[in-house]
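Number of protein chains: 2
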Amino acid sequence: MNRLFHFQLSPFCRKVRLSLAEKKIEVELVEERYWEKGAEFLRRNPAGKVPILRYGTKTLTESAAICEYIEERHPEPPLMPRDADGRYEVRRLVGWFDDKFHREVTANLLYERVNKKLSGQGYPDSTNVKAGAKAIKYHLDYMGWLLDKRRWLAGDNMTLADFAAAAHLSALDYVSDVDWDRNANVREWYSKIKSRPSFRSILADHVPGFPPPPHYADLDF
Amino acid sequence: MNRLFHFQLSPFCRKVRLSLAEKKIEVELVEERYWEKGAEFLRRNPAGKVPILRYGTKTLTESAAICEYIEERHPEPPLMPRDADGRYEVRRLVGWFDDKFHREVTANLLYERVNKKLSGQGYPDSTNVKAGAKAIKYHLDYMGWLLDKRRWLAGDNMTLADFAAAAHLSALDYVSDVDWDRNANVREWYSKIKSRPSFRSILADHVPGFPPPPHYADLDF
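Protein chains in written order, with this note's numbering: chain R, 2 to 222; chain Z, 2 to 222.
Take these hints with a grain of salt, some might be off.
Pairs involving identical chains hold if they fit within one copy or between any two copies, as the list cannot separate such chains.
[Claimed, not checked] Computed list of lysine-lysine pairs in DSS-like fashion (alpha-carbon distance at most 27 Å, straight line): (1) 135 to 193; (2) 25 to 38; (3) 135 to 117; (4) 25 to 131; (5) 59 to 24; (6) 193 to 24; (7) 138 to 150; (8) 118 to 38; (9) 117 to 193; (10) 118 to 59; (11) 118 to 150; (12) 101 to 38; (13) 131 to 24; (14) 117 to 131; (15) 193 to 150; (16) 193 to 118; (17) 38 to 131; (18) 38 to 117; (19) 101 to 150; (20) 25 to 138; (21) 59 to 101; (22) 101 to 118.
Source of the hints: derived by calculation from the structure; they are not laboratory data. None of the values given here were measured: they were computed from a predicted structure.
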């Protein structure tokens, strides 16, 4: 059985979970309290990060490398376009969300509110929370602008770029940090992706001590 | 003419420069003072980052996406293996250097010593410099361990993983922050990669106010 060592609210883990589920690859989820840096965990991944995918006899790390590997091994249904230009755009947007959005929004909101408390690092820093609340508006506008011209974020088909974005936004939605009224395109896009069967496991997540808001799992949010 | 908007000591720009040079794709280098966040620069890349590659009529951003695009458009000489397992290992290591190494080493040493001063953010924080100086040892040991079993970092052939690593290490070497005596495997590996024609432009870099040490461009360092 394949195993994914993960943390429920990690956007990088969620992106991998969505890829696996969309490709119907069964995987046992094992919760990893990565901030405790246990010896067994560090042996599996000296980088000290989740996700870690135990896939057959291989141990895979780095979410972008994992998703590309899954795509190459299980090309159907495709989560990457066939042409170089299309593939570039998917990778650019995955980079956008996993670097820029992560640093400006996810780290300032989700990590301040949840990860800091879980890992015993204390209370949210209000300067960071304010910066994150400001930055997410700009990112939602950018997504809305892309979706004005495209059905999905990178083009006409759903790709890894949508999963990268939905992974961050769903984790932020778990702590009510997404204003779905800001942009109608983004709300419609999230409604489409949220109703996919591959999203069900993510909507069922529950972190002890941090109950999700009622709208979190509601398809009519 | 293709154009690369870059900053000389940026490891992400260096990785792209090495890829382009290895594939013999000519490009005009345009120095970008990215920290000034000029309007023209932000129009080219709203992410506010370098490198930005003007390639024909396309404007490409995100170094990982750029390198994969170059690889798909110009497969010779190959900088990625053909098999999924080999490609995974390259992408994992590119992720290792561009995320973990960057955060633990490059940001703590190079950015503290150079980028902070250039962008008017003041003097190096000695706590960060100490953390970086400690972390680089662990990374050099990890590289040495990989090179005990492999000719190049990801396997028998030179790949993007070597360019990612060499991009960070060469930028750190510019400020004398690499102890080449620590690991013989790493020194031998860097000596091989440093002597490639694709490395020449990087060895000729010169940032005003920060002269490189004499060994920086010396192939017999």
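Quiz item: Given identical chains, is residue 117 near residue 193, meaning Cα to Cα at most 27 Å, within a copy, between copies, both, or neither?
Solution: Cα proximity of residue 117 and residue 193: none, with 32 Å in one copy and 44 Å across.
Quiz item: How would you classify residue 101 and residue 38 at a CA-CA limit of 27 Å: within, between, both, or neither?
Solution: both (25 Å within a copy, 15 Å between copies)
Quiz item: 27 Å Cα cut-off: does residue 118 pair with residue 59 within a copy, between copies, both or neither?
Solution: Intra 33 Å, inter 44 Å, cutoff 27 Å: neither.
Quiz item: Given a CA cutoff of 27 Å, do residue 25 and residue 131 count as a within-copy pair, a between-copy pair, both, or neither?
Solution: neither (39 Å within a copy, 47 Å between copies)
Quiz prompt | Within, between, both or neither, where residue 131 and residue 24 count as close if Cα-Cα is 27 Å or less | solution = Neither. Shortest intra-copy (38 Å) and inter-copy (45 Å) distances fail the 27 Å Cα cut-off.
Practice problem: If the cutoff is 27 Å on CA atoms, where do residue 193 and residue 118 land: within, between, both or neither? Let me know, please. | Solution: neither (32 Å within a copy, 47 Å between copies)
Self-check item: 27 Å Cα threshold - placement of residue 193 relative to residue 135
Solution: Within one copy, since 26 Å is at most 27 Å while 47 Å is not.
Self-check item: Intra/inter-copy verdict for residue 25 and residue 138 if alpha-carbon distance must be at most 27 Å
Solution: Neither way: residue 25 and residue 138 sit 34 Å apart in one copy and 42 Å across, limit 27 Å.
Exercise. Go through the copies and call it for residue 138 and residue 150: within, between, both or neither, with a Cα cutoff of 27 Å.
Key: The answer is within: 19 Å in one copy meets 27 Å, while 48 Å across copies does not.
Self-check item: Alpha-carbon proximity between residue 101 and residue 150, which holds within one copy, between copies, both or neither at 27 Å
Solution: For residue 101 and residue 150, the Cα distance is within 27 Å only inside one copy (22 Å; across copies 35 Å).
Quiz prompt | Same-copy or cross-copy closeness of residue 59 to residue 24 [CA-CA at most 27 Å] | solution = So residue 59 and residue 24 pass the 27 Å test inside one copy only (18 Å; across, 32 Å).
Quiz item: When no copy is named, should residue 101 and residue 118 be tagged within, between, both, or neither for a Cα gap of at most 27 Å?
Solution: both (23 Å within a copy, 23 Å between copies)
Checked against the numbered hints above, the structure violates hints 2, 4, 9, 10, 11, 13, 16 and 20; every other hint is satisfied.
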